[in-house]
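Chains as they are written, first to last, in my numbering: chain F, 1 to 872; chain X, 1 to 261.
Wrong hints could be hidden among the right ones.
Chain F side only, calculated, beta carbon under 10 Å to chain X, not exhaustive [to be verified]:
#: 1; residue: L79
#: 2; residue: I80
#: 3; residue: A84
#: 4; residue: L720
#: 5; residue: A721
#: 6; residue: I727
#: 7; residue: R729
#: 8; residue: K733
#: 9; residue: K746
#: 10; residue: Q755
#: 11; residue: D757
#: 12; residue: E764
#: 13; residue: Q765
#: 14; residue: Y767
#: 15; residue: V768
Pairs of lysine-lysine, DSBU-like flavour, derived with a Cα cap of 35 Å [what the hints assert, rightly or not]:
#: 16; chain 1: F; residue 1: K136; chain 2: F; residue 2: K346
#: 17; chain 1: X; residue 1: K120; chain 2: X; residue 2: K32
#: 18; chain 1: F; residue 1: K733; chain 2: F; residue 2: K746
#: 19; chain 1: F; residue 1: K723; chain 2: X; residue 2: K120
#: 20; chain 1: F; residue 1: K60; chain 2: F; residue 2: K863
#: 21; chain 1: F; residue 1: K281; chain 2: X; residue 2: K178
#: 22; chain 1: F; residue 1: K316; chain 2: X; residue 2: K120
#: 23; chain 1: F; residue 1: K746; chain 2: F; residue 2: K723
#: 24; chain 1: F; residue 1: K818; chain 2: F; residue 2: K863
#: 25; chain 1: X; residue 1: K174; chain 2: F; residue 2: K746
#: 26; chain 1: F; residue 1: K733; chain 2: F; residue 2: K723
#: 27; chain 1: F; residue 1: K346; chain 2: F; residue 2: K128
#: 28; chain 1: X; residue 1: K120; chain 2: X; residue 2: K174
#: 29; chain 1: F; residue 1: K746; chain 2: X; residue 2: K164
#: 30; chain 1: F; residue 1: K136; chain 2: F; residue 2: K390
#: 31; chain 1: F; residue 1: K116; chain 2: F; residue 2: K128
#: 32; chain 1: X; residue 1: K32; chain 2: F; residue 2: K272
#: 33; chain 1: F; residue 1: K723; chain 2: X; residue 2: K178
#: 34; chain 1: F; residue 1: K281; chain 2: X; residue 2: K164
#: 35; chain 1: F; residue 1: K270; chain 2: F; residue 2: K60
#: 36; chain 1: F; residue 1: K746; chain 2: F; residue 2: K272
#: 37; chain 1: X; residue 1: K199; chain 2: F; residue 2: K733
#: 38; chain 1: X; residue 1: K174; chain 2: F; residue 2: K281
#: 39; chain 1: F; residue 1: K528; chain 2: F; residue 2: K393
#: 40; chain 1: F; residue 1: K270; chain 2: F; residue 2: K525
Treat the hints as calculated values from the structure; they're not laboratory data. Glycine included, each C-beta is placed from N, C-alpha and C at the ideal position.
Spelled out from the first residue to the last, the chains are:
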Amino acid sequence: MFKWLSLLFQPRIFMQLKQQLSFYANGGAVSQTGRLCLSIWFLFAFLLLKPAISGIPSWKLPYLLFPNVNFARPRPLDLIRFIAQTLWLILFQQNRAPKKPISLLSIAFRLFSTIKSIFYLPLNLLIKWTQWLEKKAENMAYETTLKMNQKKHKTSFFSSVINALLMLFIIILAVLCFTVPFSLEAQAFFVIILWVMAMMFRRMPGRFATMPMIILSVTISCRYLWWRVTSTLNYDDPLALILGVILLMAESYSWLVLMLGYFQNIWPLKRKPVAMTGDPKDWPAIDLMIPTYNEDLDVVRATVYASLGVDWPSDKINIYILDDGKRDSFRDFAEEVGVGYIRRPKNNHAKAGNINYALEQTSGEYVAIFDCDHIPTRAFFQMSMGWFLKDPKLAMIQTPHHFFSPDPFERNLSNFRDVPNEGNLFYGLIQDGNDLWDSTFFCGSCAIIRREPLVAVGGIAVETVTEDAHTSLRMHRLGYRSAYLRKPLSAGLATETLSAHIGQRIRWARGMAQIFRIDNPITGKGLKWQQRLCYANAMLHFLSGIPRIIYLLAPLAFLVLHTYIIYAPALAIILYALPNMIHSSMTNSRIQGQYRHSFWGEVYETVLSWYIARPTTVALFFPNKGTFNVTAKGGLIEKEYFDWGLSTPYIALVLLNLLGICFGVYRLVYGASEEVGSVLVNLFWVLYNLLILGGAVAVAEEAKQVRKNHRIEVDIPIRLALKSGHIIRCTMKDFSFGGVSVELPKSVNLKYGEQLDVILQRGEQSYVFPMTPIYSQDKILGLNLMDLDEQQQIDYVQCTFARADTWAQWQSEYQVDKPLVSMYRVLRIGAEGYSRILFNGPPFVRMLTRSAVTLWRVIYSLKPQKITLKSE
Amino acid sequence: MKRIVITGIQGGVGATTVAANLTIALHSIEQKAHAIDMNPTNFMRLHFSMDPNNNDGWMLRRYHQEPWQQAGYQNHHQIPFVPFGELTEAQYQQQLTALQQQPMTLLNNISPENKEAESKSDWQIILLPEITSLQNFHRPLLDEADLVICVVRPDIQSYLSLQKNRHYQALHEKHNIKLLMNAFNANSEVSRDLQLVIKHEYQEMIIPTLMHFDTAVPEAVANLTSVLEAAPYSQAAQDYRSFAFWCLTHVNQEIMVTPNV
């Protein structure tokens, strides 16, 4: 259908047209229709158009103007696309001559910015002043805490009277603020003023500005709660009253946690390391204990190798593997590398019992405890021990648990190293906040404990399943101090499946509830009130399960049962509840922004809520039930699957909420007109719940984890030695237990299977590791470690995982929270969750989903596309 | 002018390579430097792409009683150097005796005549024979040097020479010598160990940049070029760049702390 052109044109021109045809074909076949269309177009362009229009050969125009149509192989729907695109091109996308923007607008804009700068002038001065003040305060922070926590500071009578009076005044003012009833207009005015102030403080950098934000948020929240208690309960309707009180209790819980959180994190201490002084011969002896139960030898190996290289006088450090699994392979391994091996006759009290038995066998002045998958860096003791020498009452120093593999949330939502993970908030902020109040608690690993206080409390506590927090609580009771050093000095593996992750959290939740019953920090002896509050907050945190479920169901009470559990007009609810939410999330985003992005906490909490609700409740009433379960780590997930078992409760909640939506729509259409406000508020609530639930469901699809060795991204200059004797300077981009990948200064061709040596540096010494290339792409070269002997394996771990700077980039990579961006991401994750449900559902659902998606894609492809014509 | 005198603890440790590549590396960091070969083996010219059949050199010019500057050459990057020259045994012995009788001539010859005109940023790199073959006419050069570098290897011969060699001891008493460790082989255990031993025992004297053994160096010489040019990404090239930078900071620091009275 193209050859007819040869009748009209000379062979030379026909050849050219054929070339044009092959340009449109772009390597593919050309259908008969395509030939016909294109030949007509070529003829038309040749005869009637200029050779080039605005710099583009005219025969090429359709290709550029209709990117969504393939002219070589047109399909039936292309006709619609063609028409839509033509209309779009003619009606909307015209190349307008660039006009100067209207000057009036720019004048107005300039005027506005001038006014703004004048308006902000006092603020900017204030900012400078607070920054100066803050610097002063930072310098004094530690000394102040010390004084405060030792109760040494003596204040004069005069100043204490002043303080008391001020306190009284503030309390009266606060009570007034919280309780004075306002009309709706007054409340609106009040709320807006506070919001404006918060927005202003939000602009100020530094920690001082956080405090007024906290005060504003506390005011609004207290006011909200007061309003809820006094004027939103419907005493006439028993069902509404019962449900309302339940909701109110959940809200009171959230309020309490919010207040305690503010208190806890008001001024994170950010403790700095103290250098070791004196002759290393006089440094204290340390017993480094690695408890293990059922983990692989490979997991333990790396930890032992790294421990062997820790910078501490070698006669002052003893490494012990505490093997509760009673495995001979471990004993042989310990003998081989020359570390201690302790096996106990019994198995009672799990990890706590294991460590306690080892405490009897050893005698070092300090005990460092590493879970068998936490690899210490060489600087661990150098950085942390200094504090013990400085402060003789210090019983324990904790460092963060850093994970180099993604946790199930990160892996299943594929946001590893993108959004701060769940643990980040705790180790980045909360422990640092606790440190100010001298209530940092022991987290079971990556910590050093002084033996004397540990013995004084009878070793590691065995009564609860969270032996770590319980132990530090007991040491605090005896008046010992604890410290937190927010430096990633070790790293380990995260839990690999969601069910394992949830299992671990269940254990923590249950343990915390047990402590609450057995050794209540609020009423027990010996603690300062600040410590009581911090411990109380840590425990309350794990009781969040039931309140969360209440929130997920609450709007249904109105939509389905038609009971007013918040007995107030919709406008009043908006005026009280919305500011409460806005202020608390704004303030929390300010405090936690670096460590947890807004709304992610909701997702984490929702996932856990169902599963921790029962064990915490049981533990609260029967603290002695239940056993210790070990968290499995270091496994593989070979096939992607959807964990239907885990997500069942959430799918049930989703269905309930969907039912709520149906009812809501029904009420909107057929209900009384004065109810519309309430229906809309509740509908909005349901939608929000649905999206958070979507996020929770999305986590249940277990992504594949086929890589046994997790790669750690770094940027370290290293050397490659070729067999020819050439040495090339290059950069190590990542490493794992299996090998490294490097970036060469220019691309090279290496023979497959050619062996080469990687030279790594540790301090002043060089170590050589034989490797073979396994892939090569441009400048990137992937290398696999060859078989190493024992000593080489030790060296390899010490040159990579145990480097002091390997984890130093922790935290710095995360972007600071932007609440709206974060909300968008959470919403997208929620939507993703639903698509995962549908794609993993029963066959007919899957088929329906697929066809719906295909249909949508086809319809979407009809949309006209924006084009940019570039002259060549 | 800043003068660096380079010698070797014994023959074959790589002093020639170090001197030539240091000159080129100094150029690569925008420093003006020239090299003078005073080692009778006359191999420095190979690094500067000089035709091996060209016998010219300052010693030969001296023999012919021509100004020694006539033997100045430049490589294709305009880096100036002066080769030693190829002499017959009789010619060489004659010149040797002449120089031995007038030990100051060498120094006077190569020092700029006009003190005012000399540029402070210029570098003069002088390659001497290994320590055991140093002559009395080399002494004034050592006395007048801003930096004396003795190249050693992380092997047992170098280590014993450092401990026992009387030539080295004599030199060490008079001059402030810096030791440069060359041809370190990370693959060899003895090399690694001796590197640590020497570094530990001669802490103050050792230059912190460690020169690795890299096949790129002999390859470059065989191709009559410098390793910086032939293999810019090699470890050797990197080593020479950091070494040049160390010289720059070290010598400038020395000059600054010396009271200028």
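Status of the hints after comparison with the structure:
This hint is violated: F/L79 has a C-beta 57 Å from the nearest C-beta of chain X, more than the 10 Å allowed. Evaluation of the F/I80 hint against chain X yields a violated restraint, the C-beta minimum of about 57 Å exceeding 10 Å. With a cut of 10 Å, the hint placing F/A84 at the interface with chain X is violated, because the nearest CB-to-CB distance is about 54 Å. Interface hint at F/L720: satisfied, since its Cβ lies 9 Å from the closest Cβ of chain X, which is below the 10 Å cut-off.
Hint status for F/A721: holds, given a least beta-carbon distance of 6 Å to chain X, under 10 Å. The restraint placing F/I727 at the interface with chain X holds, with a minimum CB-CB distance near 4 Å, inside the 10 Å limit. Because the beta carbon of F/R729 sits about 5 Å from the nearest beta carbon in chain X, less than 10 Å, this interface hint is met. The criterion of a C-beta within 10 Å of any C-beta in chain X is not met by F/K733, whose closest approach is roughly 16 Å, and the hint is violated.
The interface hint given for F/K746 holds, since its Cβ lies 6 Å from the closest Cβ of chain X, which is under the 10 Å cut-off. Taking 10 Å as the C-beta cut-off, the interface hint given for F/Q755 is violated, the closest approach to chain X being about 12 Å. Nearest Cβ of chain X to the Cβ of F/D757: about 6 Å, under the 10 Å cut. The hint holds. Against a cut-off of 10 Å between C-beta atoms, the interface hint on F/E764 holds, since the closest Cβ of chain X lies about 7 Å away.
Taking 10 Å as the C-beta cut-off, the interface hint given for F/Q765 holds, the closest approach to chain X being about 7 Å. At a threshold of 10 Å, the smallest CB-CB gap from F/Y767 to chain X is about 8 Å, leaving the interface hint in force. Hint status for F/V768 relative to chain X: holds, with the closest Cβ pair at about 5 Å, below 10 Å. Only pairs whose Cα atoms come within 35 Å are accepted, and F/K136 paired with F/K346 is rejected, the gap being roughly 55 Å.
For a cut-off of 35 Å, the pair hint linking X/K120 to X/K32 stands: about 10 Å separates their Cα positions. Distance check on the hinted pair: F/K733 and F/K746 sit about 15 Å apart at the alpha-carbon level, within 35 Å; holds. Of the pairs offered as hints, the one joining F/K723 and X/K120 is violated, with about 44 Å between alpha carbons and a cut-off of 35 Å exceeded. As the CA atoms of F/K60 and F/K863 are separated by approximately 22 Å, the hinted pair is consistent with the 35 Å bound.
Of the supplied pair hints, the one linking F/K281 and X/K178 holds, its CA atoms being roughly 33 Å apart against a limit of 35 Å. Distance check on the hinted pair: F/K316 and X/K120 sit about 54 Å apart at the alpha-carbon level, beyond 35 Å; violated. For the hint pairing F/K746 with F/K723, the CA-to-CA distance comes to about 19 Å; that is within 35 Å, so the pair holds. Proposed proximity of F/K818 and F/K863 is supported: the alpha carbons are some 32 Å apart, at most 35 Å.
Restraint check: the Cα-Cα separation between X/K174 and F/K746 comes to about 47 Å, which exceeds 35 Å; the hinted pair is violated. The straight-line distance between the Cα atoms of F/K733 and F/K723 is roughly 22 Å, inside the 35 Å bound, and the hint therefore holds. A C-alpha spacing of about 63 Å is found between F/K346 and F/K128, which places the hinted pair above 35 Å, so the restraint is violated. Pair hint X/K120 plus X/K174 holds up; C-alpha atoms about 26 Å apart against a cutoff of 35 Å.
A C-alpha spacing of about 46 Å is found between F/K746 and X/K164, which places the hinted pair above 35 Å, so the restraint is violated. A C-alpha spacing of about 22 Å is found between F/K136 and F/K390, which places the hinted pair at or below 35 Å, so the restraint holds. The straight-line distance between the Cα atoms of F/K116 and F/K128 is roughly 18 Å, inside the 35 Å bound, and the hint therefore holds. Straight-line distance between C-alpha atoms of X/K32 and F/K272 comes to about 47 Å, which puts the hinted pair past the 35 Å bound.
Restraint check for F/K723 and X/K178: the C-alpha separation of about 32 Å stays at or below 35 Å, so the hint holds. Restraint check for F/K281 and X/K164: the C-alpha separation of about 34 Å stays at or below 35 Å, so the hint holds. A hinted pair counts as satisfied when its Cα atoms are at most 35 Å apart, and F/K270 with F/K60 does not qualify at roughly 64 Å. Our distance criterion of 35 Å between C-alpha atoms is broken by F/K746 and F/K272, whose separation comes to about 41 Å.
Under the criterion of a C-alpha separation no larger than 35 Å, the hint pairing X/K199 with F/K733 is consistent with the structure, at around 30 Å. For a cut-off of 35 Å, the pair hint linking X/K174 to F/K281 is broken: about 38 Å separates their Cα positions. Taken as a hint, the F/K528 and F/K393 pair is honoured in the structure, with Cα atoms around 15 Å apart against an allowance of 35 Å. Between the alpha carbons of F/K270 and F/K525 the distance comes to roughly 28 Å, so the proposed pair stays at or under 35 Å and holds.
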